[in-house]
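K.L.:
Line by line, the protein sequences are chains R and Y. Numbered continuously in this note's numbering, the first sequence closes out at residue 272. Numbered continuously in this note's numbering, the second sequence closes out at residue 859.
These are calculated hints, taken from the structure and not from any lab test. Incorrect hints may appear among the rest.
[To be verified] Straight line, CA to CA, 30 angstroms or less: simulated DSSO-like cross-link-like pairs of lysine-lysine:
#1 Y/Lys619 to Y/Lys633
#2 Y/Lys361 to R/Lys205
#3 Y/Lys361 to R/Lys189
#4 Y/Lys585 to Y/Lys619
#5 R/Lys164 to Y/Lys817
#6 Y/Lys795 to Y/Lys745
#7 Y/Lys319 to Y/Lys239
#8 Y/Lys771 to Y/Lys585
#9 Y/Lys795 to Y/Lys820
#10 R/Lys164 to Y/Lys771
#11 Y/Lys361 to Y/Lys390
#12 Y/Lys585 to Y/Lys625
#13 R/Lys205 to Y/Lys820
#14 R/Lys164 to R/Lys205
#15 R/Lys109 to Y/Lys702
#16 Y/Lys319 to Y/Lys771
#17 R/Lys83 to R/Lys35
#18 Y/Lys820 to Y/Lys744
#19 Y/Lys585 to Y/Lys795
#20 Y/Lys817 to Y/Lys745
#21 R/Lys205 to Y/Lys817
#22 R/Lys164 to Y/Lys319
#23 Y/Lys585 to Y/Lys633
#24 R/Lys189 to Y/Lys795
#25 Y/Lys319 to Y/Lys390
#26 Y/Lys619 to R/Lys205
#27 Y/Lys795 to Y/Lys817
#28 Y/Lys817 to R/Lys109
#29 Y/Lys820 to Y/Lys745
Remember, it's a predicted structure, so these values are computed and weren't measured experimentally.
Chain by chain, the residues:
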Amino acid sequence: MMDMTPLQISERGFAIGQPILELNEISLRFGGVKALTSISFDVRQHEVRAIIGPNGAGKSSMLNVINGIYRPQEGSINYQGKPLANMTPTRAARMGISRTFQNIALFKGMSVLDNLMAGRYLRTHAGFLEVALQLPRARREENENREAVEEIIEFLEIEHIRKTPVARLPYGLQKRVELGRALAAEPKILLLDEPMAGMNIEEKQDMCRFILDVNDHYGTTVVLIEHDMGVVMDISDRVVVLDYGKKIGDGTPNEVRSNQDVIDAYLGVAH
Amino acid sequence: MVIDNVETDTFSKFLIHHSKTRGEHPAIREKSRGIWRTTTWRGLADEAGSLACALHAKGLQRGGHVAFVGDNRPRLYVAMCATHWLGAVTVPLYRDATAKEMLSPIQSAEVTHIFAEDQEQVDKLLEILPQCPSIRFIVYDKDRGMRHYKQPQVISYEELLRQGREAEPLKRDFLQAEINRGAGQDVASVFFTADETGLAKGVVLTHSALISRARAAASVDDLNDADVALAYLPPAWIGQNLFSYVQPMIVGYCVCCPESAETMLADLREIGPTYFLAPPRVLESIVTQASIRMEGASGWRRGLYKSSMAMARWLGPRILSGEGVFIGFRPFYALGNLLVYAPLRGVLGMSRVRVAYTFGENVSPKVFMFFRSIGINLKQLYGSAESGFFVAMQRNGEVKPDTVGKPVEGVEVKFTPECEILVRSPGLFREYHNDTQATALAIRDGWLHTGDAGYLDDDGHLRVVDRLQNVGALHDGTLFTPKPLENRIKASPYIAEAVVFGDGRDTVCALIDIDAAAIGNWADKKNISYTGHADLASRDEVYALVADEIAKMSAQLASDPVLANAQVRRFVILHKELDPEDGMLTHMGAVRRDVVSKRYKALVEAMYEGHSSVNIDAETSDFIIRDVPTLTPMQSKRAA
């Protein structure tokens, strides 16, 4: 089915470029609890960047900071060379940052198609009345959006469930639909929060293939969180390792694998 | 509206004819990105012409072989048209074949050009490329993941077509000349079919053989250019090729390609074909699906369905065949039609089906009659790649569940003393590719030895019993033919496949492959928890259920003194589904007896040795063997 082992980075559709996202000295506290302590790393254009770490390491917090859900008390974020202040999820989405969630956040009662169409919201300019009255611009946009969504449906091989309500789908497919909805916004950066969690081997392999294909085909920069080391090492270009809110490793999968701090964190050495 | 013209003796000539006389009519429809997109006959001819130019420039010669590995897509059929345009030979291959399986057809036919659907197929072909020096170009259709392929042999369909479109204006005379050079005696296609032993043989068919059979079959049902067919079976199989390439060429009807295998049923409903071909396996799964869905319905609905279907079984086939039915019964059937049959046909996507065909020798009478009773004109046919597929077909109004109908026009049938069916027909294949020995064995004095056993009944209908080599006898002399028994057992919605043994034995035993969906559904209802197929297959409750189903079949046999002894005495449920990937089934889903009986030899022996369980390898748990109560003819009479 899929060939996971030799990731030929040199043969990709888009060469890895300059940093698109830089995080400097990010610290995040909830009251007295330090979730993140002065963490710095960057994400380069077109790369697959993983954030890994044991449970409670601060991975999701990190993603929420990038996404604008949490505001860090200290530190700054540069996106495409410009400093980002007062980030909100809506602004992040407008600037081309899409995400998926650890516990799937789709509209359960709506069909796959409608969920993906909802992902096109930011690409829609027609107002409420225009749409209600089916004025020319609204209809044109609807057609364009549907075309874009159909391309994603074909890309993710979910034609057969196009009209199925999401709630009736198995978990693995829901994850794929969520990826589709994030893609529908045509993001520059895709944030994936544990895209492989709770999947069986086959579903994981499928998901890996789709993530790599998205990166290869659309050139989307991918930032993903995962605690399954094996999967991450196979598909990422570079990996950041967090533990107790601190960065303990950063580099290519091979560098990280031989990093003593990382080994300790995963094997559980007393702190 | 069959075009009957001596001048049109090749597919290319038909293509040009359609393009000139009815160019705006739809030739192929494909659902792509949610929308049905139409290729007209003119569009098809234009694209095929351009592609032919490009293929010629890429070195395709008259008589050269072009392989096709892919699903039913307009581009696959355009490429077939282009191949025939240049007088080359199409060699369709199964897309789920492994690289190893593709090797021998490609080598033996010395294929020079290959049309592959996507990256998966290209990867397989590149794997065997070093062993196939004849391959010059691999043309891929879908570009996903293909941009990194730098091999000089690999080229995209789009690029090839672009080159062809550029060259075409200067090549019009050449294209016309190529069409004129073609003759009916040219070889059109080589179909590789695996026999029981799994060895692939290339069946060589000429344009005239295919055209003559398709013509004869089309006139049986008055096929016309308003008909619509769905192309959903492998194009490498001669039946699909005839239904979606040959017959449309001759009759001019439109072929529709579903979006993907998973969307087939939904697409079927959208398209509403009028002409339909379904192997027994597809029909069985439709019946099983319907019965699963009805079991989940509320009580009064289930009652309505049951009583309506009982009436349908009684009246439906007679009404469909135009036989007289007492006028007082008709309003009841009409009511049933309004409430049950018509909606059911709608759900199955068969509301518009005018004619549907399946293969007589494999279909169980019960499944077959299900479709006829709800008013779908399903009929049986008989034939193989070697015999040009259309040997015998049931005619409207003359349908008997256990025969395959009368021989088609132009076909002569006779029988050897061993009851082997011999066929002489204009549709016979020319030879096995590069295998004169096998050819000489198959065609002797102009008669094809089919290897099937059968006879003509009193009405002149052909009845196919089984493969000749499978026909045997029990110790006591009872005639033993596995296929009819298996077909009866398979009629149960809970049983997917059955393989029975008995030749040279005292009794009949069976290997059973359960229908996981139906039994799973049944188990859910009974609150039986299970972990997977293997667990389900070894449950006592499931054994009891299957034993019941087999006993029902036995009861039918018991009333026939000749067959009473052929009742199944013992059976085993297999832990794993029979699967084409293990070689247990053909690509079309028919059981390979030889492979199955070899694989499960120990099981069969254990059944005859009287064990109650057996372990055939250390990795799997024990197989349980169970007895089925049988009836003597006397008992069955008393019970009746």
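K.L.:
Now tell me if each hint is right for this structure.
P.N.:
Tested hints:
| no. | hint | in the structure |
| --- | --- | --- |
| 1 | Y/Lys619 to Y/Lys633 | holds (21 angstroms) |
| 2 | Y/Lys361 to R/Lys205 | holds (24 angstroms) |
| 3 | Y/Lys361 to R/Lys189 | holds (25 angstroms) |
| 4 | Y/Lys585 to Y/Lys619 | holds (12 angstroms) |
| 5 | R/Lys164 to Y/Lys817 | violated (45 angstroms) |
| 6 | Y/Lys795 to Y/Lys745 | holds (22 angstroms) |
| 7 | Y/Lys319 to Y/Lys239 | violated (43 angstroms) |
| 8 | Y/Lys771 to Y/Lys585 | holds (13 angstroms) |
| 9 | Y/Lys795 to Y/Lys820 | holds (15 angstroms) |
| 10 | R/Lys164 to Y/Lys771 | violated (41 angstroms) |
| 11 | Y/Lys361 to Y/Lys390 | holds (28 angstroms) |
| 12 | Y/Lys585 to Y/Lys625 | holds (21 angstroms) |
| 13 | R/Lys205 to Y/Lys820 | violated (38 angstroms) |
| 14 | R/Lys164 to R/Lys205 | holds (24 angstroms) |
| 15 | R/Lys109 to Y/Lys702 | violated (48 angstroms) |
| 16 | Y/Lys319 to Y/Lys771 | violated (43 angstroms) |
| 17 | R/Lys83 to R/Lys35 | holds (27 angstroms) |
| 18 | Y/Lys820 to Y/Lys744 | violated (35 angstroms) |
| 19 | Y/Lys585 to Y/Lys795 | holds (26 angstroms) |
| 20 | Y/Lys817 to Y/Lys745 | violated (35 angstroms) |
| 21 | R/Lys205 to Y/Lys817 | violated (36 angstroms) |
| 22 | R/Lys164 to Y/Lys319 | violated (39 angstroms) |
| 23 | Y/Lys585 to Y/Lys633 | holds (29 angstroms) |
| 24 | R/Lys189 to Y/Lys795 | violated (46 angstroms) |
| 25 | Y/Lys319 to Y/Lys390 | violated (39 angstroms) |
| 26 | Y/Lys619 to R/Lys205 | violated (51 angstroms) |
| 27 | Y/Lys795 to Y/Lys817 | holds (16 angstroms) |
| 28 | Y/Lys817 to R/Lys109 | violated (50 angstroms) |
| 29 | Y/Lys820 to Y/Lys745 | violated (33 angstroms) |
Checked against the numbered hints given earlier, the structure breaks hints 5, 7, 10, 13, 15, 16, 18, 20, 21, 22, 24, 25, 26, 28, 29 and satisfies all the rest.
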